[in-house]
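**Q** This is what each chain is made of:
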Amino acid sequence: NAGVTQTPKFRVLKTGQSMTLLCAQDMNHEYMYWYRQDPGMGLRLIHYSVGEGTTAKGEVPDGYNVSRLKKQNFLLGLESAAPSQTSVYFCASSQTGYNEQFFGPGTRLTVL
Amino acid sequence: DAKTTQPTSMDCAEGRAANLPCNHSTISGNEYVYWYRQIHSQGPQYIIHGLKNNETNEMASLIITEDRKSSTLILPHATLRDTAVYYCIVRVYYGGSQGNLIFGKGTKLSVKP
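Which chain is which? The protein sequence lines are A and B, in order. When we follow the numbering used here, the leftmost residue of the first sequence carries the number 1, and every step to the right adds one. When we follow the numbering used here, the leftmost residue of the second sequence carries the number 1001, and every step to the right adds one.
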């Protein structure tokens, strides 16, 4: 099993550009999450999903949108990138809201 | 905000036990203590969790004080590969929870030869 995978691994954007980060899991998990991590900080929750077709806001949702059209995929979109969105983005999944979360390897995004 | 307090950094000699403390004095009766670690900017990795009894798995042991206001993660025989940032997290454990983890800054553990 691949576990949780993220695409792409690295990306550089110019201010105002848009992009979509893809997270995929092959563990048939119900819950999926998007976090961001800034230098010297812990992870902060952006959005999450408790099942296919559902999404909800986390701690820092502004400037991001998400979709969960298929159970195994969770997409994070930036419609108009800003330098403040330069960060490392981690996706995670879990079977329930209290089971251990499995994390992907991260996407390093730089917005110039 | 994170509900835990951890030392910023710790050192440990290779082959010795690493004991990582965590204070969670405001923990509620239905909150569990979870430990994750993050090796060199990789995605965090689950280690162990517990409510009030001591727990052990293949990676580590978790000792929770009787009043549940603090805990210690023990890596019995630390190796260089255990060098990482260790996060202590308290969260409710029940069905239907959104499940998000609230990360603090963690403890940077450096295992030295």
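These aren't lab readings, by the way, just hints derived from the structure by calculation. Any given hint could be a false lead.
[As the list claims (entries may be wrong)] Here are the simulated SDA-like pairs of lysine to any residue, each with C-alpha atoms no more than 25 Å apart in a straight line:
1. B/Lys1003 to A/Gly40
2. B/Lys1069 to B/Gln1042
3. A/Lys70 to A/Ser84
4. A/Lys57 to B/Lys1069
5. B/Lys1108 to B/Tyr1046
6. B/Lys1105 to A/Asn99
7. A/Lys9 to B/Lys1003
8. B/Lys1105 to A/Lys70
9. B/Lys1108 to A/Pro105
**Q** Take the hints in turn and mark each one as holding or not.
**A** Okay, the hints, checked on the actual structure:
no., hint, in the structure
1, B/Lys1003 to A/Gly40, "holds, 18 Å"
2, B/Lys1069 to B/Gln1042, "violated, 30 Å"
3, A/Lys70 to A/Ser84, "violated, 29 Å"
4, A/Lys57 to B/Lys1069, "violated, 30 Å"
5, B/Lys1108 to B/Tyr1046, "holds, 16 Å"
6, B/Lys1105 to A/Asn99, "holds, 22 Å"
7, A/Lys9 to B/Lys1003, "violated, 31 Å"
8, B/Lys1105 to A/Lys70, "violated, 33 Å"
9, B/Lys1108 to A/Pro105, "holds, 19 Å"
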